[in-house]
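Peer 1: Here is what each chain is made of, one letter per residue.
Number of protein chains: 2
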Amino acid sequence: MAKKAKEEKGQKTVASKLPQKDRAENCRVGVVGSGSFATAIVKMLVENCSVVHWCVRSEYVKGAIAQRGHNPTYLTSVSFNLAQLSLTTDINEVVSECDIIVLATPSIYLASAMEQLTCTYEGKVFLSAIKGIVPEHNDIVAHYLKDKFNIGFRCQGVIAGPCHAEEVGMERLSYLTIACAEEVLSQKLDVLFTSSFIKVNHSRDILGNEYSAILKNVYAIGAGIASGLGYGDNFTAVLVSNAIREMELFLEAVYEVPRDVNESAYLGDLLVTAYSLFSRNRSLGNLVGKGYTVKSAIQSMNMVAEGYYAADSIYLTAKEKNLSTPIIDTIYGILYEEKSPEKQFRKLTSKLT
Amino acid sequence: MAKKAKEEKGQKTVASKLPQKDRAENCRVGVVGSGSFATAIVKMLVENCSVVHWCVRSEYVKGAIAQRGHNPTYLTSVSFNLAQLSLTTDINEVVSECDIIVLATPSIYLASAMEQLTCTYEGKVFLSAIKGIVPEHNDIVAHYLKDKFNIGFRCQGVIAGPCHAEEVGMERLSYLTIACAEEVLSQKLDVLFTSSFIKVNHSRDILGNEYSAILKNVYAIGAGIASGLGYGDNFTAVLVSNAIREMELFLEAVYEVPRDVNESAYLGDLLVTAYSLFSRNRSLGNLVGKGYTVKSAIQSMNMVAEGYYAADSIYLTAKEKNLSTPIIDTIYGILYEEKSPEKQFRKLTSKLT
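So the sequences go chain by chain: A and B.
Quick note on this note's numbering: the first sequence kicks off at 1 and runs consecutively.
Quick note on this note's numbering: the second sequence kicks off at 1001 and runs consecutively.
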């Protein structure tokens, strides 16, 4: 599996003689969402594009950015040159102005944003930077866009990590993996995103990248619960090494293509989420492990922990496919069936290897 | 590869009707070494054995343990019941008294300990808990024991992690992987080591487990250098996900058997070493990344960072086998060729994916 995937890679180099800035100018690009990852994506894009169209959540956010030059709530230390931003609260403005639209809302707000869409969007490319399940559709973003909006996989892409927004804000070197169906689009996206602090890997595994980005949030909740319960680094390492094997099994069941789950978009993204203090999913799990009820842990957080909403749907998919997923089952039981974290993890320890 | 390895597992259950304590009594077991991991191993064994033979480094250490009931330098908070310890400084006493001998010195002290051996040791089992290269032999422990002492692989085994000694000292749940050639020995070792805080996985991949335990120390130095240089969590995740792929390549080249490098002994051990603050190899790298010379960084540490001594030999093996190992090459250049960590890592970033 690993070898095949390696052979199929190697399309990284983009052959063009125009300077990057000029090539980026040929793309009209917009971002929908104003959370931390949306803000990080705008920061990446303004490195290469003279104008980025940005559809934010509310008139308040729009006004605050226009006035202060930064997002009032997320990545507040990232300053924008306002001449480079075309701000709006209307998704139709962004979609009609742009060829490439990055969707970067929390998954629970995507449907309400997309339902505002009245303009034509044929041939436009939608990239999802969302790492969660669309609750109204109970499915991943790629399926939601295809089923509800007839946006085919040739007009879709996925932006995967490992990429904590906070570190992008600080211009710390980060690697994105962008998955899309065709080489021409890959090249365009490479030009749009590559900068002094962003390197881009390319993939054709749209669904695998999206599922793994969702799964890693669920596993990060598990790593947080373990930490909250007092398990140490030795155990966390075992948990994560079991999680990547469970993820491989899950990905093979939902979308079987040659892939090496040890590539950055899969394993790397799991690691950054399971180990980093920036991870909100890990933080949620940590509170639950320490004894907070799930409800109070969610309420105490200022940001959406995607893994909570995803765990339900991921668990059901695993059951449908008849997969052995002890870690997912354990987390689901704790989050949705009020089972004791302590008891569930004690049971889990005998299932790990 | 992953699937084959999974099929070949499943020998975990030990079928015996005697209680664990009674079965453990049938084994006479000894430990050579008095560093932190040796002390942790003695702690594991006294859970199941009424007596553990322990060959420590010096009369001072022997006297201190006999007087205070704990190792004077490492894992000082771990108290032993002295009635369970048979202390000596003579390796011959341990080897002649025991059927199973755990070698747990730092790799640089192994040869001087083994050279004291004058008693017969035919049919005795030597388990290596050492994660480094024997400098006098410029090779791994398994080869050293075979070449110099004619101890065949049927009389050898490897104890692998992820298992920081410090957490064993605190009785935090940890998983060992014990690799040996035969099922009967696997069963014995399971009985000796399994306890309320230790779970045991079994493997037949003696050489792979030994090499990976060594490699992970080298990679942990790399993770430390990155951190010292100011790279963040996003980059570390990419580095580690590249490291496990590089490790897979290396292991396939030196010993090709079916294995899944995402099992705990390989990936888990890499994670605990690359991410944990307990890791001395990571700490060494961190100092070097912050600008200490390699020499002064080594001097400032109270413990041996095995990865430093291993990097040289691992690098040469990779070159002999004609492998593409950019991370190993980078670390070697910094540690042994006085190359600038900053420049070497900048070059490395363009080789990672």
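One or more hints might be untrue.
Not the full set, but computed from the structure, chain A residues with beta-carbon under 10 Å of chain B [unchecked claim]: (1) Gln-84; (2) Phe-235; (3) Val-238; (4) Pro-258.
Simulated restraints, written as ranges between beta carbons of each label pair [as the list claims (entries may be wrong)]: (5) B:Gly-1291 / A:Asn-322: 37 to 47 Å; (6) A:Ser-195 / B:Leu-1277: 30 to 40 Å; (7) B:Thr-1076 / A:Gly-230: 18 to 28 Å; (8) B:Pro-1019 / A:Asn-322: 36 to 46 Å; (9) B:Ser-1324 / A:Ser-195: 19 to 29 Å; (10) A:Lys-21 / B:Met-1170: 17 to 27 Å.
Mimicking DSS-like on lysine-lysine, the simulated pairs with C-alpha atoms at most 25 Å apart in a straight line are [what the hints assert, rightly or not]: (11) B:Lys-1351 / B:Lys-1319; (12) A:Lys-146 / A:Lys-62; (13) A:Lys-347 / A:Lys-146; (14) A:Lys-146 / A:Lys-321; (15) B:Lys-1021 / A:Lys-351; (16) B:Lys-1319 / B:Lys-1290; (17) B:Lys-1351 / A:Lys-347; (18) B:Lys-1351 / B:Lys-1339; (19) B:Lys-1319 / A:Lys-21; (20) B:Lys-1351 / A:Lys-21; (21) A:Lys-319 / A:Lys-290; (22) A:Lys-321 / A:Lys-339.
Calculated directly from the structure, the hints in this document are not laboratory data.
Glycine included, each C-beta is placed from N, C-alpha and C at the ideal position.
Peer 1: Can you tell me whether the CB distance of B:Ser-1324 to A:Ser-195 sits inside 19 to 29 Å?
Peer 2: holds (27 Å)
Peer 1: I want to verify a distance hint. Is the separation of the beta carbons of B:Thr-1076 and A:Gly-230 within 18 to 28 Å?
Peer 2: holds (22 Å)
Peer 1: Straight-line Cα separation of A:Lys-146 and A:Lys-321 no greater than 25 Å?
Peer 2: Satisfied, since the Cα-Cα distance of roughly 22 Å is no more than 25 Å.
Peer 1: Given the hint of 37 to 47 Å, check if B:Gly-1291 and A:Asn-322 actually sit that far apart at their C-beta atoms.
Peer 2: Violated, since B:Gly-1291 and A:Asn-322 (Cβ atoms, about 55 Å apart) do not stay within the stated range.
Peer 1: Would the hint on A:Val-238 stand, with a C-beta cut-off of 10 Å toward chain B?
Peer 2: holds (5 Å)
Peer 1: Would the pair B:Lys-1351 and B:Lys-1319 pass a check requiring their Cα atoms to be no farther apart than 25 Å?
Peer 2: Distance ~17 Å between B:Lys-1351 and B:Lys-1319 Cα, so the pair holds.
Peer 1: Hinted pair, alpha-carbon criterion (25 Å max): B:Lys-1351, A:Lys-21. Please report holds or violated.
Peer 2: This hinted pair holds, its Cα atoms lying about 23 Å apart.
Peer 1: Measure nothing beyond the straight line between the CA atoms of B:Lys-1351 and A:Lys-347; if it is 25 Å or shorter, mark the hint as holding.
Peer 2: violated (42 Å)
Peer 1: Does the Cβ pair B:Pro-1019, A:Asn-322 satisfy 36 to 46 Å?
Peer 2: holds (37 Å)
Peer 1: Tell me if the interface restraint on A:Pro-258 is satisfied: Cβ within less than 10 Å of some Cβ in chain B.
Peer 2: violated (13 Å)
Peer 1: Regarding the pair A:Lys-319 and A:Lys-290, is the alpha-carbon distance no greater than 25 Å?
Peer 2: With Cα atoms ~28 Å apart, A:Lys-319 and A:Lys-290 exceed 25 Å; violated.
Peer 1: Given the hint of 17 to 27 Å, check if A:Lys-21 and B:Met-1170 actually sit that far apart at their C-beta atoms.
Peer 2: violated (55 Å)
In summary, the numbered hints that this structure violates are 1, 4, 5, 10, 12, 13, 16, 17, 19 and 21.
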